[in-house]
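A.B. asks: Each chain is listed here by its residues.
Number of protein chains: 2
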Amino acid sequence: MIRNQQEEVQALQDTIYVIGGKWRLPIINSICNGNKRFREIERSIPGITTRMLSRELKDLEMNKLITRTVYDETPVLVEYESTDYCKSFGPVILAMIAWGKEHKKKIIQKS
Amino acid sequence: MIRNQQEEVQALQDTIYVIGGKWRLPIINSICNGNKRFREIERSIPGITTRMLSRELKDLEMNKLITRTVYDETPVLVEYESTDYCKSFGPVILAMIAWGKEHKKKIIQKS
Numbered sequence: 000m001i002r003n004q005q006e007e008v009q010a011l012q013d014t015i016y017v018i019g020g021k022w023r024l025p026i027i028n029s030i031c032n033g034n035k036r037f038r039e040i041e042r043s044i045p046g047i048t049t050r051m052l053s054r055e056l057k058d059l060e061m062n063k064l065i066t067r068t069v070y071d072e073t074p075v076l077v078e079y080e081s082t083d084y085c086k087s088f089g090p091v092i093l094a095m096i097a098w099g100k101e102h103k104k105k106i107i108q109k110s
Numbered sequence: 000m001i002r003n004q005q006e007e008v009q010a011l012q013d014t015i016y017v018i019g020g021k022w023r024l025p026i027i028n029s030i031c032n033g034n035k036r037f038r039e040i041e042r043s044i045p046g047i048t049t050r051m052l053s054r055e056l057k058d059l060e061m062n063k064l065i066t067r068t069v070y071d072e073t074p075v076l077v078e079y080e081s082t083d084y085c086k087s088f089g090p091v092i093l094a095m096i097a098w099g100k101e102h103k104k105k106i107i108q109k110s
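For the record, the sequence lines run as chains F and W.
The opening position of the first sequence corresponds to residue 0 in numbering that gives the first Met the number 0, with each subsequent residue numbered one higher.
The opening position of the second sequence corresponds to residue 0 in numbering that gives the first Met the number 0, with each subsequent residue numbered one higher.
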C-alpha cells in the first residue's frame, strides 16, 4: 500500500491547528483529569492567567470540546466537563507527555 | 499513586515548544518516511516555501533532530536524515495523524 503523504501531512496540520498554541492541550488535559471548577483548572496549570484561561474555555466550548454547566445555587456553581470528542485527544496527550518527560531526562543528562 | 499534574503540564508544554508551529512535525514526518533530498521533502509538504523549509531544516539540524550530509560529487549531493532522537517522535506523530483523520471524518459528516 502506498502511504498517502499529502493526506498524512494534512491530518497532522489539522491536529496542530485544533491544538493551537501553548495552553489548549494543558487545559484539555486538566479537565480530562477531573478538574471542573475554574479555579481548580487555573491552579493546575502553572503560569496561565485568568484572562487567558477564560478566553480558551470559551473557545473550547464553542468547538464542542468541553461543556459549561451553570447550576442555579447560591453562589452560582459553574462546572466544565470534557466531551467524548475531547477525550479522543487522550492518545495524543499521553504520547506528548511521555515524549516531554524523556526529553527532560535527555536534557538533564547532557548538562 | 498521585499523578503529578504540574509535571505533566510541563512535559506537555515542553513537547509543544519543541514541535513549534505548523511545519516542524510535517518535516520530521517526511524525513522519517525516507525523503532525503531537499526537493523531495519540499514536494511532500504541500504549501511549504523553499525559504521556510530551509530555515526549519537548519533549526532541526542545530537541535540534533536531523543530520545533514554533504557528498563531494558533481553536482554536490546533500542528504538529510533523521536521528534516533527524532524517531522518538513517532508515537506522537502517529497519534496526531490518527486524530486528524478522525476529525476530518467528523467534520465531513456534519456538513
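Bear in mind the hints are in silico, worked out from the structure with no lab data behind them.
Mixed in with the good hints, there may be bad ones.
Pair ranges (Cβ atoms, derived) [as the list claims (entries may be wrong)]: (1) W:Asp71 with F:Ser87: 31 to 37 angstroms; (2) F:Thr73 with W:Thr82: 55 to 61 angstroms; (3) W:Val69 with F:Thr49: 31 to 37 angstroms; (4) F:Gln5 with W:Gly89: 17 to 23 angstroms.
With a cut-off of at most 20 angstroms between alpha-carbon atoms, the simulated SDA-like pairs for lysine to any residue come out as follows [unchecked claim]: (5) F:Lys100 with W:Lys100; (6) W:Lys63 with W:Tyr16; (7) W:Lys104 with F:Lys100; (8) W:Lys100 with F:Pro90; (9) W:Lys35 with W:Tyr70.
Sample of chain W residues lacking proximity to chain F, with all beta carbon distances greater than 10 angstroms (derived) [said to hold, decoys possible]: (10) Tyr16; (11) Lys103; (12) Lys105.
Cβ atoms here follow ideal geometry from the backbone N, Cα and C, with glycine treated the same way.
A.B. asks: Are the hints correct? Go through all of them and say.
C.D. replies: Hint by hint, here is what the structure shows:
no.: 1; hint: W:Asp71 with F:Ser87: 31 to 37 angstroms; in the structure: violated, 50 angstroms
no.: 2; hint: F:Thr73 with W:Thr82: 55 to 61 angstroms; in the structure: holds, 59 angstroms
no.: 3; hint: W:Val69 with F:Thr49: 31 to 37 angstroms; in the structure: violated, 52 angstroms
no.: 4; hint: F:Gln5 with W:Gly89: 17 to 23 angstroms; in the structure: holds, 20 angstroms
no.: 5; hint: F:Lys100 with W:Lys100; in the structure: violated, 27 angstroms
no.: 6; hint: W:Lys63 with W:Tyr16; in the structure: holds, 15 angstroms
no.: 7; hint: W:Lys104 with F:Lys100; in the structure: violated, 32 angstroms
no.: 8; hint: W:Lys100 with F:Pro90; in the structure: holds, 14 angstroms
no.: 9; hint: W:Lys35 with W:Tyr70; in the structure: holds, 13 angstroms
no.: 10; hint: Tyr16; in the structure: violated, 8 angstroms
no.: 11; hint: Lys103; in the structure: violated, 6 angstroms
no.: 12; hint: Lys105; in the structure: violated, 7 angstroms
Violated hints, listed in ascending order, are 1, 3, 5, 7, 10, 11 and 12; each of the other numbered hints is respected by the structure.
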